[in-house]
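To convert, note that position 398 of the sequence shown is 397 in numbering that gives the first Met the number 0; the numbers rise steadily by one, no gaps.
Simulated from the structure, these hints should not be mistaken for lab results.
Do not rely on the hints blindly, as some may be mistaken.
For lysine-lysine, the following PhoX-like pairs were computed, each having C-alpha atoms within a straight-line distance of at most 25 angstroms [as the list claims (entries may be wrong)]:
#, residue 1, residue 2
1, K392, K361
2, K151, K361
3, K258, K224
4, K350, K89
5, K68, K151
6, K234, K149
7, K224, K167
8, K361, K307
9, K258, K234
10, K68, K167
11, K307, K68
Values in this document were obtained by computation on a predicted structure and should not be read as measured data.
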Amino acid sequence: MNSRNLKLVLAAGVAVVAVAGSLFAQKCVNPHFDAQRLDFRDLGYPGATEIAADSSPVTALMSHDGNGKVYGATTGRSSHLFVWDYRVNKVFPLGALPKGEKGVRNCMVQGEDGRIFIGSGLSEIELLRLSREMPEGRRAIENQLWRDIKAKYKDYAGGHIYAYNPAKSDAAVYLPGTLAELVDLGIPVPNNSVYSMVMDNAGAVIYGISYPDAELFSCNVISGKIVRHGRWMEKLSYPGPERSWRGVPRALAVASDGKVWTSGDDGLMRFFDPKTGKFGTSSMRIPGEYWETQACNAFPVIEQLFAKEDGSLIGASSDGFIFSAYPNLGRLVNWGKPRVERRVRAATMGKDGRFYTICGEKDNVCRLFSFRDDEGHVDYGVLGVDRSPYYAKIAYQFDAMATAADGSIFIGESDRRAKLFIFIPGAPVMPGVLNPTNPR
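Sequences are here, hints too, so could you generate the full structure?
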């Protein structure tokens, strides 16, 4: 075969591959709303500043009330900060957390002075190494599971609370390996990750819960003083669906009276009153599966929780139920669950009054929903972006959400080589709900 014929054969081969790739890309699953309302951004400039694939799963997002940007953090081999800037519609890495910090799990809050506070820890999305052998006896599996969980943190000094100043540090260029510009406020609970955090109504005191010991702490971000208030929970519960996870609440909310709320032992909602320094337990029990139907002492915990202007709380349990709580009335309303599977992986309050959620377990594809008490649950479908032949992606796992100043919903993918998804609300779902272009 002469060189000319060889070139023709190679050109034909390239064309076939290109056409096949294009046809394959056309099979991307699209959501149940106008497709132009969903897109994603890389976590940096590919091949230059982009956060490495094994360190890219997004596990924390927050919208800054002052500068209008959206900030996030990742979990993996190392933990990194990043920012989405609305002025250029791009994501910029902000550097890595110090060595040994593997993740930030929904622990980013803003202070009154505009600083961002980050709670660090080990990776809470990786699978736990379990023992192959265990002694026999009553609750032997549960007891061994607790020992295995504790072993993961035995040599870990503890998660830190870091302060990041956007006004000072956003303008810097962060290349791979560059550390973020942080101020270390200390370790609130030794041998534990910082697991959930919330800022008080004055923007001066952080309240948080640690993992795996479920200890409540506070940190005054002005003085830097950290106080440990004691165990939020005493009982060891493994409600699943990830059976290697101790049930510890993954979200906190501060009510209008300053009390800090989430769920506690036996699924009862409880609070901490900063005025008295004491804990209290209500009769409001979050919806889910309890020990009566299981062979272990299991009860659900709160995964998402937000305080509303009317004094009520809206949240989600680890079994996938959406609920509203009215602390002043001692009343809880169960709104049901948007899908059969358990877990509400992420949530945010939309500017339109809807409660947006990402629902689904780790062994299946997550889907986007919203809830409002006058319209119920709305299914927006799988988050797939098809811009073929340029780019396309169906994302399976998400663990963070935030609402930007303009009402756009930011959703952090938590798989390897993760992206930051952007959903623009405003259009209804398609007639019949399901997108008719999706393959069967």
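Verification of the hints:
no.: 1; hint: K392 with K361; verdict: holds, 18 angstroms
no.: 2; hint: K151 with K361; verdict: holds, 21 angstroms
no.: 3; hint: K258 with K224; verdict: holds, 19 angstroms
no.: 4; hint: K350 with K89; verdict: holds, 22 angstroms
no.: 5; hint: K68 with K151; verdict: violated, 35 angstroms
no.: 6; hint: K234 with K149; verdict: holds, 15 angstroms
no.: 7; hint: K224 with K167; verdict: holds, 23 angstroms
no.: 8; hint: K361 with K307; verdict: violated, 29 angstroms
no.: 9; hint: K258 with K234; verdict: holds, 23 angstroms
no.: 10; hint: K68 with K167; verdict: holds, 14 angstroms
no.: 11; hint: K307 with K68; verdict: holds, 23 angstroms
Of the numbered hints given earlier, the model fails hints 5, 8; all others are met.
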